[in-house]
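Colleague: Sequence order for the protein chains is A and B.
As numbered in my numbering, residues 1 to 130 make up the first sequence, in order.
As numbered in my numbering, residues 1 to 246 make up the second sequence, in order.
Derived by calculation from the structure, the hints in this document are not laboratory data.
Please note that the accuracy of each hint is not assured.
Capping the alpha-carbon separation at 20 Å, the derived lysine to any residue pairs in SDA-like fashion look like this [unchecked claim]:
id, chain 1, residue 1, chain 2, residue 2
1, A, 121, B, 246
2, A, 116, B, 165
3, B, 183, A, 13
4, A, 116, B, 168
5, A, 21, B, 171
6, A, 121, B, 234
7, A, 121, B, 239
8, A, 21, B, 167
9, A, 116, B, 167
10, B, 219, A, 61
11, B, 183, A, 14
12, A, 116, B, 170
13, B, 183, A, 60
14, A, 116, B, 236
Covered stretches of chain B (in silico footprint by chain A; criterion: 3 or more residues with CB under 8 Å from a CB of chain A, positions within the stretch not fixed) [said to hold, decoys possible]:
id, region
15, 171-182
16, 220-233
Idealized CB from N, CA, C, for every residue including glycine.
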Amino acid sequence: MDRNMKILIVDDFSTMRRIVKNLLGDLGYSNTTEADDGKTAWPLLQAGEFDFVVTDWNMPGMTGIDLLKNIRADARLAKLPVLMVTAEAQRDQIIEAAKAGVNGYIIKPFTAVTLKEKIDKIFQRVAEAA
Amino acid sequence: MNALLKESVPVHLGTLSKLKEMVRALESGDEPLYELYMSQLVGMREQNLLGSVVKITRELHHAVKDINADDRLSRVASSDIPDACQRLDYVVKVTEEAAHKTLDLVDQSKEQTDQIKKAMSRVAAARVRVYASNNAKADVDNLLEAISGMEVSVNMGTSHLRSNLTELAQIQEYQDLTGQIIKRVIRVVRDVESGLIEMLRSTGSALKAGHVSMPHEEKLEGPAVPGLSVSSSQQDADALLAELGF
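Hey, can you work out the whole structure from these sequences and the hints?
Modeller: Below, the structure is given as structure tokens:
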């Protein structure tokens with residue numbers, strides 16, 4: 001797994017962006033960029049070559065699920081791994097995210113261990129598929 | 001009261017002129033004309049009464065309709081407000097827990113820094129004794145021992161402090177969850193506000209409905225609140241995703 005991979009953290013709460021950024025830093029991933037919703041994230045994704053997206057669901061402007069759908073519908077971004085980190089814990093929403101093509105789903109509040117597990121699993125699958 | 005007076009003055013004036021005409025018809029012995037005026041007078045009276053009844057009925061109908069139409073208010077009163085209170089109670093609980101955890105970690109960190117400071121003092125005292133005894137072997141040995149002790153304290157202390165700092169950062173996630181819950185409660189309060197303004201407007205207040213923006217319906221559930229929402233844990237989510245082939 002490339003520790004230098006470029007990660008986009010999308011969350012409307014700056015505290016949560018900081019927590020995710022710090023946890024990723026502890027795991028050895030320090031090449032991160034932040035966006036406060038899907039709308040801000042979208043041009044960044046179009047412009048920069050990101051390797052991984054960690055996004056919240058419920059955000060103003062563009063929600064995480066819409067961002068995920070846009071990513072999957074875009075030929076250049078379609079294969080970008082997306083991890084949803086959200087307070088939305090309804091069964092229907094998890095299914096909706098799965099159908100939209102999410103690579104991992106973490107329910108807030110979460111621990112550093114869960115984040116590590118999900119990231120490891122996502123990139124293990126990416127490596128298997130390659 | 002003023003409106004009533006304004007409405008009744010022309011009515012009375014009409015009645016008065018009709019009565020004067022009736023007196024004139026009686027004086028001139030024109031009985032059919034008198035009868036005609038009499039029936040017109042009765043008709044006028046009936047028409048006024050009927051008009052008033054129609055007006056009152058229409059107003060009553062509108063008032064009842066407005067109250068029924070605003071079922072948003074009854075929904076807010078019966079379910080949204082108790083729900084909001086429970087959510088706010090949860091916010092209080094979560095913020096309290098986060099504050100306690102933060103204070104516990106700060107207390108632990110203070111103990112760690114005190115330990116490091118004590119180890120430093122032991123080294124300083126041992127060094128003074130070495131200078132005073134002009135490098136007596138026992139004092140030099142004592143200084144070396146104090147230095148070893150300080151190394152252990154600094155190593156242990158800084159690693160504890162580092163882990164406390166990480167935990168402190170992690171605890172701040174309560175702000176995201178409680179922030180989302182509070183935003184939902186604010187939407188409920190706005191609902192109540194717009195419903196009340198709507199009611200005041202429909203009952204004749206000067207407030208205009210145009211000043212109130214109606215909040216749109218929230219589709220997402222938001223953070224799970226124990227006892228309020230049926231939600232999945234991380235384990236449930238993992239199991240569900242595994243079922244779906246993830």
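Colleague: Would you mind marking each hint as holding or not holding in the structure?
Modeller: Comparing the hints with the structure gives:
no.: 1; hint: A/121 / B/246; in the structure: holds, 10 Å
no.: 2; hint: A/116 / B/165; in the structure: holds, 19 Å
no.: 3; hint: B/183 / A/13; in the structure: holds, 12 Å
no.: 4; hint: A/116 / B/168; in the structure: holds, 19 Å
no.: 5; hint: A/21 / B/171; in the structure: holds, 14 Å
no.: 6; hint: A/121 / B/234; in the structure: holds, 15 Å
no.: 7; hint: A/121 / B/239; in the structure: holds, 14 Å
no.: 8; hint: A/21 / B/167; in the structure: holds, 14 Å
no.: 9; hint: A/116 / B/167; in the structure: holds, 16 Å
no.: 10; hint: B/219 / A/61; in the structure: holds, 15 Å
no.: 11; hint: B/183 / A/14; in the structure: holds, 15 Å
no.: 12; hint: A/116 / B/170; in the structure: holds, 14 Å
no.: 13; hint: B/183 / A/60; in the structure: holds, 12 Å
no.: 14; hint: A/116 / B/236; in the structure: holds, 18 Å
no.: 15; hint: 171-182; in the structure: holds (count 8)
no.: 16; hint: 220-233; in the structure: holds (count 10)
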